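Could you build all of it, start to finish, from the sequences and the hints given here?
One-letter residues, chain by chain:
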Amino acid sequence: MTAFPTAPAPHGPHARRVGWVMTQVLLALVPGALTALAVRGPGVAVNLALCLGTAYLCEAGALSLRKRPLGPALRDGSVAVTGVLIALALPPWLPWALPVLGTAFGVLFAKHLYGGLGQNPFNPAMAAYAFLLVSFPVAMTRWPAAAAAWDGALAWKAWIGADMAWDGLTGATPLGHVRTQLALTHTLFEIAEQGGPPGARAGLLLNLAYGVGGLYLLARGIINWRIPLAVLGALALCAFSFQVIDADRYPSALFHLTQGAALLGAFFIATDPVSASTTPRGRLIYGAGIGGLVYLIRTFGAYPDGFAFAVLLMNLAVPLIDRLTIPRPYGTPDDA
Amino acid sequence: MGDWMTPLIATALLQNVALNLGLGLSPALDATSNGDRALWASLLGAPVLVLASALGWLLESLVLRPQGWDALRLPVLLGITALIAQSAVLGLRAGPYALRAALNPHLALFGVHWTILGLGLVLMPAPASLGAALAIGLGTALGVGLVLVPLAALVARLGFADVPAPFRGLPIALVSLALAALAFLGFNGLVKV
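If you read the protein sequences in the order shown, they are chains S and G. Note that the working numbering numbers the first sequence so that position 48 is 48, with each residue one more than the last. Quick note, the working numbering runs 336 ahead of the 1-based positions in the second sequence.
Some hints could be false.
Said to hold, decoys possible - Chain S stretches covered by chain G per the calculated footprint, using a threshold of three residues with CB under 8 Å from any CB of chain G:
id, region
1, 115 to 128
2, 297 to 303
3, 308 to 321
Everything labelled a hint here was simulated from the structure, so no lab data went into it. Just so you know, these numbers come straight off a predicted model, no measurement behind them. The beta-carbon is built from N, C-alpha and C at its ideal position, and this holds for glycine as well.
Structure, rendered in structure tokens:
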């Protein structure tokens, strides 16, 4: 006489549903989001609201156009993860139309044109970010200086897209600062002597917060260790090799790992279960490709950080990687 | 870095013929060939384009420029590429049976495909040296291969996706091409072009 009917054997653990996984990912993003709010100001909350709202609206619109049931897709939280990742990647002082436009592009073009959840070859959040970065390069690189981050009046002016002189109120990110100074033929030693790149501590803090969330995802078995390890390992290896060649011009591996999108990207973006590679060897290749491309773009390219482009480039290669790295079943002869 | 490095990177990554001009895409947009056609077209296209670029440079610097016939650059380069591409196709037709069998359904299209890529050579600035000409030929072939081969595998996978009816087939393949082009913009600034 049990209260619960017992299903026939085998008795496995409960299935991991998309909704549960996405809730865990959102939970793991909480420390990073709170830190972002603290160091970047109220704009982060505004971006979160705009991106989440747009993401849900676009998801609902696309599903109803295709006459698909709205309930399951809206409840599983996958589109919320896309919206939150876009919002966390964006600078906080942004005209309101940009987060809306970017999120709509990501959800509609990179996700729903391909048939929705589980079928998109490109990461929607990174497609949105790259789309915004190449379309609005000035607004997308306007990061508030630490002192001005919590100035509500300035945030409002940025939000409505007011035409004003932003010099002095905004600053480059640490990666951008180092890049500009190096281009002016300053050495890293000189940059460090002048107190290092401004905002480096905030960047470090933010990356650590994302790292904590990432370790939580690893511990819960939601993401596989191969992709983050390969991303960070390749990035560190490239940075270390170049630092050995010329320590005055190439920042250390530690700097690269703790600045920009490094840990957010390695744990939350590159590990997207849909657009990432799925075979064990493929994941290592995919991750190492992202790490190497991030270093290439950061060091030799036109953009201070290259995570979005690196992820999209490797997304393009994923079907090929997967096909070439299908695991060989035990006992298959070598020439099969 | 020699004078071949910049044109090589520029043509392979920044001024990618397949992405910037949309040339020579058909092997990737054909979802039925499962990527084989794109792979063969890219692999065999490299020697064709390198040879065409080098011969074109020779003719240009020995005949066209001394005679002041710069305006003939387009027909000469395209003609050379077409000649080499068609000879390559004829040569492959006479090649070993296994190769012919693998290429057979696509071989007729390859001549046109490589000739079209010759247009990419025309649109690049005239190379300054033989090394640069070889680099432009190799870079063009490499850039097209870098796009075509992964894109073909991606398009083949899209056959299993629940793509909305109006976008099935060619439209979604072109959307993918556009997103690939967006991704390649990340290479901006690697070399000055």
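Going down the list of hints, with the structure as the test:
1. For a cut-off of 8 Å, the count of residues in the region 115 to 128 of chain S with a CB near a CB of chain G stands at 6, and the three-residue condition holds.
2. Figure legend: the region 297 to 303 of chain S, annotated as covered by chain G; annotation consistent (5 residues with Cβ-Cβ distances under 8 Å, at least 3 required).
3. Judged by the Cβ-Cβ criterion of 8 Å, the region 308 to 321 of chain S is covered by chain G as claimed, because 11 of its residues qualify and three suffice.
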